[in-house]
Amino acid sequence: MITGGILNSPRRKYFLSNTYFLMLAIPVALFIAFIGYMVFYLFSNGIKVLSWGFLTQPPARGMTAGGIMPCIVGTLYVTLVSLIMSIPVGVLAGIYLAEYAPDNFITRAIRSAVRSLAGIPSIVYGLFGVALFVRGMELGLSVLASGLTLGLMNLPWIITTAEEAMSAIPGSFREGALAVGATKWEAIRHNVLPFAFPGILTGVLLALARTMGETAPILFTGVTYFTRELPRTPLQKFMALPYHLFALATQHDQLMKVRPIAFGTAAVLLILVLMFDLIAFVVRMRVAGTNKWQV
Amino acid sequence: MRSRSFFDTGVRILVSFNAVLAASVLLGILLFLLLYGIRAFIPTGELSPDDLSAQPLSLSGFLFGTSWNPDAYGQPKYGIVPLLLGSLITTLIALLIAVPLGIAGAVFIAERLKGTFRIAVKMVVELFAGFPSVVIGFFGLIVLGPFLARLFNVPSGLNVLNAGLLLGLMSLPTIISVSEDALRVVPHSYREAAYALGASPWTTAIRVILPAARSGILAAVMLGFGRAVGETMAVLMVAGNAPIIPRSLFDPVRTITTTIAIELGESTFNSVHFFALFALGFILFLIAMLTNLIAESLIQREKRSFTL
Chain A
13 MITGGILNSP
23 RRKYFLSNTY
33 FLMLAIPVAL
43 FIAFIGYMVF
53 YLFSNGIKVL
63 SWGFLTQPPA
73 RGMTAGGIMP
83 CIVGTLYVTL
93 VSLIMSIPVG
103 VLAGIYLAEY
113 APDNFITRAI
123 RSAVRSLAGI
133 PSIVYGLFGV
143 ALFVRGMELG
153 LSVLASGLTL
163 GLMNLPWIIT
173 TAEEAMSAIP
183 GSFREGALAV
193 GATKWEAIRH
203 NVLPFAFPGI
213 LTGVLLALAR
223 TMGETAPILF
233 TGVTYFTREL
243 PRTPLQKFMA
253 LPYHLFALAT
263 QHDQLMKVRP
273 IAFGTAAVLL
283 ILVLMFDLIA
293 FVVRMRVAGT
303 NKWQV
Chain W
669 MRSRSFFDTG
679 VRILVSFNAV
689 LAASVLLGIL
699 LFLLLYGIRA
709 FIPTGELSPD
719 DLSAQPLSLS
729 GFLFGTSWNP
739 DAYGQPKYGI
749 VPLLLGSLIT
759 TLIALLIAVP
769 LGIAGAVFIA
779 ERLKGTFRIA
789 VKMVVELFAG
799 FPSVVIGFFG
809 LIVLGPFLAR
819 LFNVPSGLNV
829 LNAGLLLGLM
839 SLPTIISVSE
849 DALRVVPHSY
859 REAAYALGAS
869 PWTTAIRVIL
879 PAARSGILAA
889 VMLGFGRAVG
899 ETMAVLMVAG
909 NAPIIPRSLF
919 DPVRTITTTI
929 AIELGESTFN
939 SVHFFALFAL
949 GFILFLIAML
959 TNLIAESLIQ
969 REKRSFTL
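Top to bottom, those sequences are chains A and W. With our numbering, letter number 275 in the first sequence gets 287, and the count goes up by one each step, no holes. With our numbering, letter number 298 in the second sequence gets 966, and the count goes up by one each step, no holes.
Everything labelled a hint here was simulated from the structure, so no lab data went into it. Please note that the accuracy of each hint is not assured.
[Said to hold, decoys possible] Partial pick of chain A residues on the chain W-facing surface, computed with a CB cut under 8 Å:
(1) Ala45
(2) Asn116
(3) Phe117
(4) Leu129
(5) Val136
(6) Leu257
(7) Val285
(8) Met287
[Claimed, not checked] Capping the alpha-carbon separation at 35 Å, the derived lysine-lysine pairs in DSBU-like fashion look like this:
(9) Lys196/A to Lys971/W
(10) Lys249/A to Lys60/A
(11) Lys249/A to Lys269/A
(12) Lys25/A to Lys971/W
(13) Lys971/W to Lys60/A
(14) Lys196/A to Lys60/A
(15) Lys782/W to Lys971/W
(16) Lys790/W to Lys971/W
(17) Lys25/A to Lys782/W
(18) Lys25/A to Lys790/W
(19) Lys745/W to Lys249/A
[Claimed, not checked] Anything over 12 Å on all C-beta distances counts as not near chain W; from chain A, calculated:
(20) Leu36
(21) Trp64
(22) Arg73
(23) Gly78
(24) Leu92
(25) Ser98
(26) Ser179
(27) Ala180
(28) Pro182
(29) Phe185
(30) Leu242
(31) Thr245
(32) Pro246
(33) Thr262
(34) Lys269
Note that the structure is predicted; figures quoted are calculated from it, not measured. For each residue, glycine too, the CB sits at the ideal point set by N, CA and C.
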């Protein structure tokens, strides 16, 4: 029951109330402090090996020296392939859900399927990639097989943000175009997409950041511990930052000797991920500042 | 005029096609896992009948077997009980940590923080959800592991406790973010009614707002569960990975996800072992789907409860 009232003075009531709330701040503060400590720890150790050479040279002497250039190239390459697949499909599916989908069973099933896809563990996507792309379509262990697997995984994120960005545009924008004789698509093309674009871009950037750090889906679809040449065609194996970090941290014969390079790899991966997160954040904030209809 | 409406119809077909395509990925995953997984249980002509490792598995042996050891000479064992228990125990520890802390954090953010500061705090919390899991695993391996080993005076910090702690941290952003959303959709009239009765902001938050948002918060817990049970790389790096049923917090543990990650590379294509790993994937898929469906129906229920 709600207590207080006559027995407690209002001042005491609010003092207690504020004290209790302050206690709830502790987990949030601790969590943010932990995140800060982790980033600081990895950066302060990683910065010791970070140099231009580290970023532009291949590994040398059994990974105990040299840089991580092939891993950076591989990660960017496979992420690019994944987005080439998931952006068109994801944005078009998002347009359907936001603009065309009637409120019926089929739409609900599609929405539910997309949401479920977002919750499927990444290792399951890896298994699916092995079965469909590596074996079924005979792409072998390759950039293409890994990229497509990652593309399927980031598809639901892109669809959801694209749909949300378009649904946030008021109906009057479309009605204005329809009233002067535009077709439905012309209304969407000229009066919805340009305004939804920053929101869609935010979703794509966040998907990009997450895709770069994924390991489980590429583990059996094309990533490799070491390859002498960079993938010239998308049908070759590749090295990647997250897998490189995993291998240096747990698989190498001389774990302590490669530790500095592992720190460097972790720092580079985290910097890349945070950089795209930051760009996404800036885009989102700019939208919040300029779009007057969303207050 | 004609071509414009023609084009319009074309676009309609194109976007519908892509939506169906995206949704059918789910069906594709289900189908492939089922088709591959089921082959671990049916005899195939390609395999030599003398080779014991090529014998098909029995479904009951797979589901109730208490030993997982595919490499045992002559007598490979494919019982998922230790793996399933490994996944459930680590996830349970994760939730024991993340649920109270996450809900407390969500109440604080929803009730006490305003404007840009609130958005910034939520953004930092959500940022952690996007951290690569190998980076978190690396941190668990080299910082948390030695720390736990020293703290509890045990030989190795790579154990159930380490995996549970990391999974707890990793599911915290999901639980905070989804719970906070749930708390914020509680209509303002609830709050006004409580204030009018003389309730303090604290009493209002705990006795009125929190119970009203319970469906959404339960959904947050389910999504946190899904996040923890499906995590692979971080657990792989800190759990010690022995496929035994752990007896204490300091024993190593093997989960379903890590078993697939460790063994898929070393299993021969089209062997019983290979297909058994797909069967594991299928179990994981079922757990994830069930979790999602429950979470989604809870979110729908919360939405309905506030619209009259």
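- [ ] With 12 Å as the threshold, tell me whether Arg73/A passes as away from chain W on beta-carbon distances.
- [x] Holds, since 22 Å exceeds 12 Å.
Open item on the list: Just want to verify: Trp64/A was marked as not at the interface with chain W; is every Cβ pair farther apart than 12 Å?
Closed with: 23 Å, holds
Task: Whether Pro246/A stays farther than 12 Å from all C-beta atoms of chain W, as the label says - done: 21 Å, holds
- [ ] Run the C-beta distances from Lys269/A to all of chain W and say if the shortest one exceeds 12 Å.
- [x] For Lys269/A, whose nearest Cβ neighbour in chain W is about 14 Å away, the distance exceeds 12 Å, so it holds.
Task: Separation of Leu92/A from chain W, once the least beta-carbon distance is taken, above 12 Å - done: 17 Å, holds
Open item on the list: Just to be careful, I want the Cα atoms of Lys25/A and Lys971/W compared with a cutoff of 35 Å; is the pair within it?
Closed with: It holds: about 32 Å lies between the C-alpha atoms, which stays within 35 Å.
Open item on the list: Take the shortest C-beta to C-beta distance between Leu257/A and chain W; is it under 8 Å?
Closed with: Interface hint status for Leu257/A: holds (5 Å vs cutoff 8 Å).
- [ ] Against chain W, does Leu242/A hold up as non-interface, every C-beta pair farther apart than 12 Å?
- [x] 22 Å, holds
Task: Residue hint Asn116/A, partner chain W, criterion CB-CB below 8 Å - done: 13 Å, violated
Task: Given pair status - Lys971/W, Lys790/W, alpha carbons within 35 Å - done: Satisfied, since the Cα-Cα distance of roughly 22 Å is no more than 35 Å.
Open item on the list: So if I understand the rule, the pair passes when the alpha-carbon distance is 35 Å or less; does Lys971/W with Lys60/A pass?
Closed with: Not satisfied, since the Cα-Cα distance of roughly 51 Å exceeds 35 Å.
Task: Separation of Ala180/A from chain W, once the least beta-carbon distance is taken, above 12 Å - done: 16 Å, holds
The structure is inconsistent with the numbered hints 1, 2, 3, 8, 13, 14, 20, 25, 33, although it conforms to all the rest.
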